[in-house]
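**Student:** Sequence:
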Amino acid sequence: MKDRATENHEEYAIVLIDGVCHLCQGLTQFIIKRDPAGAFRFASLQSEIGQELLRQGGLDGDSPETMVLIEQGRYYTRSTGALRIARRLRFPWPLSYVLILIPPFLRNLVYRWVAKNRYRWFGQSSECMVPTPDIRRRFLS
Numbered sequence: 000m001k002d003r004a005t006e007n008h009e010e011y012a013i014v015l016i017d018g019v020c021h022l023c024q025g026l027t028q029f030i031i032k033r034d035p036a037g038a039f040r041f042a043s044l045q046s047e048i049g050q051e052l053l054r055q056g057g058l059d060g061d062s063p064e065t066m067v068l069i070e071q072g073r074y075y076t077r078s079t080g081a082l083r084i085a086r087r088l089r090f091p092w093p094l095s096y097v098l099i100l101i102p103p104f105l106r107n108l109v110y111r112w113v114a115k116n117r118y119r120w121f122g123q124s125s126e127c128m129v130p131t132p133d134i135r136r137r138f139l140s
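Going by numbering that gives the first Met the number 0, the first residue of the sequence shown is number 0, and it counts up by one from there.
Hints may contain errors.
Unchecked claim - What follows is a list of derived Cβ distance ranges for each label pair:
hint, residue 1, residue 2, range
1, Tyr118, Lys32, 22 to 30 Å
2, His21, Ser95, 18 to 26 Å
3, Arg135, Ile101, 33 to 41 Å
4, Phe29, Ile101, 15 to 23 Å
No wet-lab data here; the hints were simulated from the structure.
For glycine and all other residues, C-beta sits at the position ideal for the given N, C-alpha and C.
Start from the sequences, fold in the hints, and give me the full structure.
**Tutor:** Structure follows, in structure tokens:
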């Protein structure tokens, strides 16, 4: 039996983000504005649902240094997840998917550098972002 965290997740992709990171919150808004079809749903890595999804995917729930994309039951992290998100956004963002040709260890060097410095560069909140009523349906709770 599926729990509410994973119910109907085959209908859309799920993006798990660090809910207290300003960069991650900004990227969530960026995705929403460029995803008019509503293909993505969101949850915080720190939330109960986020933690359950991480456990189901065999990922560590204690290190929010990566975003996670769950697409058709498969888990993608770091630059691969980001590029897979970009390819489903409104034009011109799908063009960036060509970067998938760069070996992951090189792509992830850049990803890890940004992830390591994101709080210093962009700041962090003491709480997760509260979605506005018009986009609340896009957030798992």
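**Student:** Run through the hints listed earlier and report the numbers of any the structure violates, in increasing order.
**Tutor:** none
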